[in-house]
Each structure stands twice: as structure tokens, then as C-alpha cells.
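Protein chains: 2
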Amino acid sequence: MSDFKDFIGSDKGPQCPRTYILALTDTLNVVSGKWKLPIIAALLRGVSRFKDLLDSTEKITPRMLSKELKELEMNSIVERKVYNQTPVLIEYRLTKSGKDIANVIDSMIDWGLVHRTQVIKKLPESLS
Amino acid sequence: MSDFKDFIGSDKGPQCPRTYILALTDTLNVVSGKWKLPIIAALLRGVSRFKDLLDSTEKITPRMLSKELKELEMNSIVERKVYNQTPVLIEYRLTKSGKDIANVIDSMIDWGLVHRTQVIKKLPESLS
DNA sequence: ATGTTCAGTATACAAAAATATACTGATATT
DNA sequence: AATATCAGTATATTTTTGTATACTGAACAT
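For the protein sequence lines, the chains are A and B, in the order given.
The working numbering puts the first residue of the first sequence at -7, with every later residue one more than the last.
The working numbering puts the first residue of the second sequence at -7, with every later residue one more than the last.
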């Protein structure tokens, strides 16, 4: 298990390995932005076609969906499969990494839940 | 432990509880953007003054540092303490939640490291 | 032949995030 | 009196990210 606290780097002491920074940046690219997580959520529950992703991701435009799916595909989070049926069927599926990102999301939710209880605990009675 | 996969919501089935979405959004607000994590990293290794944060966070401008610190303070990630010495001393310190975010970062690094090995594994010999 | 579905693309625009550059005001130092 | 440090603020601009609206082209279906 990596320990960020030991590796964030300082003038004297161990520097954060470059591989850690790259790994962290990769992850940020997958969870940042307005649409990546909603799309991944839909894919996790089995939605796989462009049209269905459009419908189940509220208010996203086809332009954004297309752009985000391309980025996710380039980053090996999503695989695009073309079935040469008629009409053509195109399926987007999460890769192993794509499914695994759920662990990161879980840890984000966990932090957020604890954080909220800690913030509320410190609130003056009158406000809570 | 929360399990995002069970709660992302679908038309038929359990919906993702609103509190989970709020918790996730809180976390994203802390890790997203260009400067929050570099600043938190500096705070984690004990840097606490505006000037020192400016120097140890490469290329950030005072405007951005000021803005980010205000946001982190509003979100109870950072506490600002004013010591009425002369010259005035102002210290920024991580709260409990602020320190705990290191766990999320660890899980992000872990995912990123595994992801990279998985991507390389699938690369054709000629490229790796 | 007209309309419908699927899987997008094209063009223009608006909003949000980040940068560049200069400045302030209080106190202390030389 | 001039200079330096600390902790920022002010104004303008650029870059990045996201939105709006309309359109395309292939293959059926009526």
C-alpha cells in the first residue's frame, strides 16, 4: 500500500517517486470533469450503447458523450466493440481497470461521509 | 465500507443514496483542479506559511494560492490561524479531514499503478 | 419516397478555471 | 528616508471545459 504522506517530497527527505505522480495524474484524469463518473456509473450498471448512455446520463449532449467516451477509450477505461449487424451495434464496456475504479470511488465516498460528520460535530448547536 | 457498484442507481434497483453523491462531490471538490493536491502535499509535510507555500508550490501565483486556501478553509480542510506578533504570523494547518484525505490519494495512486501495469501488459511486444 | 433509428459530427458560443503583471499596507531594518 | 518582508489584493487576459443547436449517413420499415 502506497503511503502518500511518506512520499510527497520535501527539500530534505524522500521525494515522491515520479511513478506515483503519474499514477495519481492518471486517476485524476478519470475522475475529474463533469461527465466521466456519471458515464462510468452507467457503464457499471450495464448500459452499453451510445443511445442508452445518452438517455441514462441526464442532460449530456451527444458531443460531450462522444468526446468523453473517446478519452475513456484512449485511457483504456472503456473498450469500444463494433458488431457488424444491421443496424450496426456498438457497445462500450468497462475494462478491468474501468471496473476497478469503483474502489477509488468507494474511498472517496468514505472520506466524504466521515468528513461531513466531522464538520457537523464542530458546528455550533444553533446551526445544526 | 460503501460499495459504489451496488448504489450507482438504475431504473430498476437501488438508487445511489443522495448522501453518497454529496460525499463524493465533497471529495471531488478537494482533489480536483490544478493546485489543491500540491498545496495539501506541502501542508502535509509541514509547510504552513503563505510565503513558504508560494515557494514550495512551483509556479503558483499568490492569487491562486490565496483563492485555493480560502476554498480549502471554507471546506474545513485547512485552518487559518493568525498570531498577532509583529510581523504578523499566519499559519495554515490541515484539519483532521485534511490529513485523512491522504487515504484517498493513496487509493488513487494504487489504482493508477495497477492500471499502468495492466495497460502495459496488453501492449504489443514491439511497443513495450 | 418518407420517415425512423443508430451512432455519431460540425459550428458557434458561453462559462469556468487558470495566468500574467502589477500593486497595497503594515511593520521592521539599515 | 529608502528598502525589505509578509500576506495578500486588483485588473485584465488567456486557456480549458462545457453547452446549444443543427446536421450527416447508413440501413431498414411503411
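Watch out, some of these pointers could steer you wrong.
Identical chains share a label here; the pair holds if one copy fits it or two copies do between them.
With a cut-off of at most 27 Å between alpha-carbon atoms, the simulated DSS-like pairs for lysine-lysine come out as follows [said to hold, decoys possible]: (1) Lys43 to Lys113; (2) Lys113 to Lys26; (3) Lys51 to Lys113; (4) Lys(-3) to Lys59; (5) Lys26 to Lys114; (6) Lys51 to Lys114; (7) Lys114 to Lys43; (8) Lys88 to Lys62; (9) Lys114 to Lys59; (10) Lys28 to Lys59; (11) Lys26 to Lys73.
Honestly, the hints are just simulated from the structure, not real lab data.
Hint check results:
no.: 1; hint: Lys43 to Lys113; result: neither (45 Å within a copy, 32 Å between copies)
no.: 2; hint: Lys113 to Lys26; result: neither (30 Å within a copy, 30 Å between copies)
no.: 3; hint: Lys51 to Lys113; result: neither (36 Å within a copy, 37 Å between copies)
no.: 4; hint: Lys(-3) to Lys59; result: between (35 Å within a copy, 24 Å between copies)
no.: 5; hint: Lys26 to Lys114; result: neither (31 Å within a copy, 29 Å between copies)
no.: 6; hint: Lys51 to Lys114; result: neither (37 Å within a copy, 35 Å between copies)
no.: 7; hint: Lys114 to Lys43; result: neither (46 Å within a copy, 29 Å between copies)
no.: 8; hint: Lys88 to Lys62; result: within (17 Å within a copy, 38 Å between copies)
no.: 9; hint: Lys114 to Lys59; result: between (42 Å within a copy, 24 Å between copies)
no.: 10; hint: Lys28 to Lys59; result: both (10 Å within a copy, 26 Å between copies)
no.: 11; hint: Lys26 to Lys73; result: within (25 Å within a copy, 34 Å between copies)
Checked against the numbered hints above, the structure violates hints 1, 2, 3, 5, 6, 7; every other hint is satisfied.
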